[in-house]
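Working from the sequences, and respecting the hints, build out all of it.
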Amino acid sequence: GAGVSQTPSNKVTEKGKYVELRCDPISGHTALYWYRQSLGQGPEFLIYFQGTGAADDSGLPNDRFFAVRPEGSVSTLKIQRTERGDSAVYLCASSPVGGEQETQYFGPGTRLLVL
Amino acid sequence: LAKTTQPISMDSYEGQEVNITCSHNNIATNDYITWYQQFPSQGPRFIIQGYKTKVTNEVASLFIPADRKSSTLSLPRVSLSDTAVYYCLVGSGGSYIPTFGRGTSLIVHP
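As you go down the protein sequences, you meet chains A and B in turn. Quick note, the numbering used here runs 65 ahead of the 1-based positions in the first sequence. Quick note, the numbering used here runs 19 ahead of the 1-based positions in the second sequence.
Calculated directly from the structure, the hints in this document are not laboratory data.
Simulated DEER-style distance windows between Cβ atoms:
| id | chain 1 | residue 1 | chain 2 | residue 2 | range |
| --- | --- | --- | --- | --- | --- |
| 1 | B | Lys71 | A | Glu79 | 47 to 55 angstroms |
| 2 | B | Val74 | A | Val77 | 36 to 44 angstroms |
| 3 | A | Ser123 | B | Thr24 | 20 to 28 angstroms |
| 4 | A | Ser92 | B | Tyr51 | 21 to 29 angstroms |
| 5 | B | Glu33 | A | Pro73 | 31 to 39 angstroms |
| 6 | B | Gln61 | A | Ser92 | 14 to 22 angstroms |
Ideal Cβ placement from N, Cα and C applies to all residues, glycine included.
This is how it looks when you write it as structure tokens:
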């Protein structure tokens, strides 16, 4: 079956601009996660959705970052007033239920470059 | 949070067995140990998960001693395509959020 997909695969923007990153999880997966990965580092948790609601957004670095999942499937990560430090790979993952230590299925990521 | 420590990098050659050890001294009673693999320009991919003793699947084996304070991922007869970063994760006492460290960068040479 289809895995997790993310669009765009690459995004180049200018400092101060607004960007949206999209994640299509595996069909039927109720849990969805966003991570950010900088070069040479492991993925860093941003936000976790259980269905339509954000169950844990403690990883969002500041209020410029926001994510939605209005119908419990596709999710969009939104970044306002982008800064050069936001440049990273943004990864999305989904899992069937979202239970403790459940296997997560990752997408290929969106590479964001803020000039 | 159970913190993990693993080597930053390892080198091997095709056909060899590779063992990557991860330390997790303060692992909790109900924590599982999970390993992910990440190739360049891809998201991490689940390899194996275990609680104690030994787990084996078609990709790797996971050895966990009785005290569970460490675990060893074993990759039999590696090939060039096994060159990747390997992450050891330990459940965070009930948290559904896995905590990735820097991982171990494995380079397999011809």
